[in-house]
Amino acid sequence: MHALIQGIILGVLTAGVYALMASGQTLIFGIMKVVNLAQGAMVILGAYLSYQLFTSFGIDPLLAIPITTVAMFILGVAVQLLFLRPLKAEDRSELSLLVTFAVALLLEGIMSVTWKTSVRSINTGYANSSWTVFGYQITLVRLWAFLLSIAALLVLYLLLNRTRFGRAIRATVQNPESARLLGVESSRVSALGFGLGAATAAAAGSVYGLLYPFNSGSHYDLISRLLSIVLLGGLGSIGGAVVGALIVSTSSAVVASAISPSWSEMTFFVILLLVLLIRPQGLFGTTARGAI
Amino acid sequence: MSSRRYAGPLRGVVFFALLASLPSFNLAHWVLNILVFTLMYAVMSSSWNLVGGFAGYPSLGHAAFFGIGAYAMALWFQHHAIHSGYEPFLLLPLVGLLAAAIGLPVAVIAMRTRSDVFAIVTITLLFVTQTLAFNLRGLTNGAQGLSIAAPPFSAGTFERPFYYTLIVLLALAMGITFGVMRSKLGLSLAAVRADEDKARGIGVRVLGVKLLSFSVSVGLTAMVGGIWAYYEGFIYPQFAVDPLVTIAIVLMTFLGGRATLWGPVLGAFILETGQQTLAYSLGGSQFYLIAYAMVFLLVMLLMPRGIVPSIQDRLRQRRRRIEVDAGAPRPSSPRMTRSSDTRSSVPALKGHG
Amino acid sequence: MAALLEVQNLVKTFGTVRAVDSASLVVEPNTITALIGPNGSGKTTLFNLITGYLPPDSGRVSFRGRDITGSDAGSLYRRGLSRTFQQARVFPALTVQENLTVAAGYSWGQLFGRRLSRSDRERVGELLEEFRLGHVADLFASELSYGQRKLLEFAAVLMSSPSLIMLDEPTAGVNPVMIETMEHHIRQRHAAGITFLIVEHDMTFVMRLCNPVIVLDQGREIFAGAPAEVQNNPLVLDAYLGS
Numbered sequence: 008m009h010a011l012i013q014g015i016i017l018g019v020l021t022a023g024v025y026a027l028m029a030s031g032q033t034l035i036f037g038i039m040k041v042v043n044l045a046q047g048a049m050v051i052l053g054a055y056l057s058y059q060l061f062t063s064f065g066i067d068p069l070l071a072i073p074i075t076t077v078a079m080f081i082l083g084v085a086v087q088l089l090f091l092r093p094l095k096a097e098d099r100s101e102l103s104l105l106v107t108f109a110v111a112l113l114l115e116g117i118m119s120v121t122w123k124t125s126v127r128s129i130n131t132g133y134a135n136s137s138w139t140v141f142g143y144q145i146t147l148v149r150l151w152a153f154l155l156s157i158a159a160l161l162v163l164y165l166l167l168n169r170t171r172f173g174r175a176i177r178a179t180v181q182n183p184e185s186a187r188l189l190g191v192e193s194s195r196v197s198a199l200g201f202g203l204g205a206a207t208a209a210a211a212g213s214v215y216g217l218l219y220p221f222n223s224g225s226h227y228d229l230i231s232r233l234l235s236i237v238l239l240g241g242l243g244s245i246g247g248a249v250v251g252a253l254i255v256s257t258s259s260a261v262v263a264s265a266i267s268p269s270w271s272e273m274t275f276f277v278i279l280l281l282v283l284l285i286r287p288q289g290l291f292g293t294t295a296r297g298a299i
Numbered sequence: 007m008s009s010r011r012y013a014g015p016l017r018g019v020v021f022f023a024l025l026a027s028l029p030s031f032n033l034a035h036w037v038l039n040i041l042v043f044t045l046m047y048a049v050m051s052s053s054w055n056l057v058g059g060f061a062g063y064p065s066l067g068h069a070a071f072f073g074i075g076a077y078a079m080a081l082w083f084q085h086h087a088i089h090s091g092y093e094p095f096l097l098l099p100l101v102g103l104l105a106a107a108i109g110l111p112v113a114v115i116a117m118r119t120r121s122d123v124f125a126i127v128t129i130t131l132l133f134v135t136q137t138l139a140f141n142l143r144g145l146t147n148g149a150q151g152l153s154i155a156a157p158p159f160s161a162g163t164f165e166r167p168f169y170y171t172l173i174v175l176l177a178l179a180m181g182i183t184f185g186v187m188r189s190k191l192g193l194s195l196a197a198v199r200a201d202e203d204k205a206r207g208i209g210v211r212v213l214g215v216k217l218l219s220f221s222v223s224v225g226l227t228a229m230v231g232g233i234w235a236y237y238e239g240f241i242y243p244q245f246a247v248d249p250l251v252t253i254a255i256v257l258m259t260f261l262g263g264r265a266t267l268w269g270p271v272l273g274a275f276i277l278e279t280g281q282q283t284l285a286y287s288l289g290g291s292q293f294y295l296i297a298y299a300m301v302f303l304l305v306m307l308l309m310p311r312g313i314v315p316s317i318q319d320r321l322r323q324r325r326r327r328i329e330v331d332a333g334a335p336r337p338s339s340p341r342m343t344r345s346s347d348t349r350s351s352v353p354a355l356k357g358h359g
Numbered sequence: 199m200a201a202l203l204e205v206q207n208l209v210k211t212f213g214t215v216r217a218v219d220s221a222s223l224v225v226e227p228n229t230i231t232a233l234i235g236p237n238g239s240g241k242t243t244l245f246n247l248i249t250g251y252l253p254p255d256s257g258r259v260s261f262r263g264r265d266i267t268g269s270d271a272g273s274l275y276r277r278g279l280s281r282t283f284q285q286a287r288v289f290p291a292l293t294v295q296e297n298l299t300v301a302a303g304y305s306w307g308q309l310f311g312r313r314l315s316r317s318d319r320e321r322v323g324e325l326l327e328e329f330r331l332g333h334v335a336d337l338f339a340s341e342l343s344y345g346q347r348k349l350l351e352f353a354a355v356l357m358s359s360p361s362l363i364m365l366d367e368p369t370a371g372v373n374p375v376m377i378e379t380m381e382h383h384i385r386q387r388h389a390a391g392i393t394f395l396i397v398e399h400d401m402t403f404v405m406r407l408c409n410p411v412i413v414l415d416q417g418r419e420i421f422a423g424a425p426a427e428v429q430n431n432p433l434v435l436d437a438y439l440g441s
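Listed in order, the protein sequences are those of chains A, B and C.
Going by our numbering, the first sequence opens with residue 8, and the numbers climb by one from there.
Going by our numbering, the second sequence opens with residue 7, and the numbers climb by one from there.
Going by our numbering, the third sequence opens with residue 199, and the numbers climb by one from there.
Hints are computed from structural coordinates only; laboratory data are not their basis.
Small disclaimer: the values here were computed from a predicted structure and weren't measured.
Careful, some of the hints might be misleading.
[Claimed, not checked] Derived contacts from chain A toward chain B, CB cut-off under 10 Å, selection only:
(1) Thr62
(2) Ile66
(3) Asp67
(4) Ile81
(5) Ala85
(6) Val106
(7) Ile117
(8) Met118
Ideal Cβ positions, reconstructed from N, Cα and C, are used throughout, including at glycine.
Pulled out of the complex, with its shape left as it was, chain A reads as follows (with noise of 0.2 Å):
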């Protein structure tokens, strides 16, 4: 019991920096229907940046946040307009796949040029402290990241719920064809939407290389995990990605900490098999692409 719910706490914790990641690539898709396979790699790059900042001006990974998610802003608006916006529109989801995957490639041979393949990690002062309550240890770090996740969450609510930019790319989520009508430019909408994911996926990766070691093979393992959660809570919806990461991270840790560390991966990778099994479209999709 009691380490179910240290499983239970842990997986709640973590649920926010997955939360934040999936709602990047959830928004991607949304926006331009393209399963952006390099969301993992465009963290893991977050991380390094985050990485970079801290040990060479000794930056906190919370201060690189607005460094990072700009840069990062930039790097996602020239990945679409170079790579994505060619692509012609009847083969664009096929294609926009090997697309996105070859630019995961690309990041990673970067990443693994400018920083080695030695995993790294980034040791704040506060990377070790932590509380008991109740019996139930809480590491500060994660409480710290969770808390970050949830901010930056809100920042990305606030964007899109009470800016123009927001609204023009909400009207695009839901309805392309009347967005276009209603003068929303799809193709600006479409850059500074990618852009805007990966700076989530930024603001994401400070976060990651504050909990977990990482290098520029991360982002295989991540991108399998993402890719879970948006089909969990269903493609194009934020909630959905939200409570996807919450299933996912917290029966992932529940069965680390009950079983064994090395089938948590697989436990929802079952949930996901079961839900799409009954409900093809995920839990919050409203309908399952391409089905009707």
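Please arrange chains B and C on chain A, whose structure you already have, making use of the hints.
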């Protein structure tokens, strides 16, 4: 016109005769090694094409079946001795059947979804398989991997049995592809790819042809996995079930041209030899990954439809022009410039009902 | 005579919208029945429910006296219930001949036969002659004009020897000559014993071709009768003009 009818089979005969004669030129081992890997990829791309190209279901999970084949082979020979060295090749059909049988239920679940969701579901299956390979230590020996006894072939001609087996497998894969293209099976798959709901509505056996193409495709892929395991002599989970294998297969098929007979083979020959050369010249350095990714991106951007379809369009256009010049009463609108075809663009403006 | 198609209290809701609201209607054999109604009255949804493209929430559909509610579209097609789509759904990357062949509803064994066998060509050839599409037999469907594609889709569903064909706006977006062609083919096939249920907005087309006419409004039938009576019916006028 009858000369064109025999051009296809002739091309096949010449190609396979050339392939079969290559080892007799006393090629260096490293060249033969590259050829063996190229053939492996040619078989796998051709197989992937059956489901990813003809049926329009872009599976990213094929490496899982490659791994299943590799492990099936390795596990069998944990318990059975190899005498002549040829037993593993005789086992291959069974490996293929096993993978096809596993593929059936997988396809039933995964093929409920379409296009990009299908891609994600299948790549998820790949990661599940990899995790299983790591975790089922009692069976797979986990990260320590498994080894197969080295074949008792003489060092001088070591690659040949693998090479010829792969040629047979390639002939099988291409033969199946050819058969599919020439039969109503191919016609049904083309309908499924274009508009699955409509296809179902006009009585096409949608589920049946999808399952059939998926199982045959993964069965062939697993057989390559089996050969690979025997050729390498040892297998580790991260190489036996490797996302990069999937991606390479997909890329080759896209480069050569989806839903064509020669496209995947051409793609495999270009990319695998290119990749091996890159790997040799840039060594183990990570620049290799960057170069590969750049090639990848260029192919997608410059030739999204692939080499073979682009050429076919050219030829078709030219043939049309000749026919028109000869007075055949046939409109000649080029197929590639679909968007500029003014006669066929009356959009359905009313969106009600 | 027993009804060919009978729809009883069919219901379909999307979220909060009742697209089809307890609709009932009857199609008698050997008629050309029209299904008309203002935009959004649920005609296409009703088509999708009857032909198995959408499952109804409740209600009953029977065809040739048998309950077919919830049957899948493919098996209905093989049993003689064919339909076309508003947007002319043909397979653009298949040739005209192939588009017809693939619609023939072949068995498992035939799957492994030739893509276009001699008998296919003969059968398809006759149909193409009838529809005057012989000269484009080897073109890809993507190379046809919109009207030709509609004609092709119509011809294709004849491959299964249907007893009832449901046409969804056969004349929408095509030129007047093509409308006449379409009418000609419908009449010819009707004379050969096929029953039609046609959704159509072109009232002159409906008035000269169809009898009876069924009017749908807000997801249910509000009128069924001879074309001459439709124009004078106050309920129908209300539905179209808004009351």
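We went through each hint and held it up to the structure:
no. : hint   : result
1   : Thr62  : violated, 21 Å
2   : Ile66  : violated, 27 Å
3   : Asp67  : violated, 29 Å
4   : Ile81  : violated, 19 Å
5   : Ala85  : violated, 13 Å
6   : Val106 : holds, 5 Å
7   : Ile117 : holds, 6 Å
8   : Met118 : holds, 9 Å
In this structure, the earlier hints numbered 1, 2, 3, 4, 5 are contradicted, and the remaining ones agree with it.
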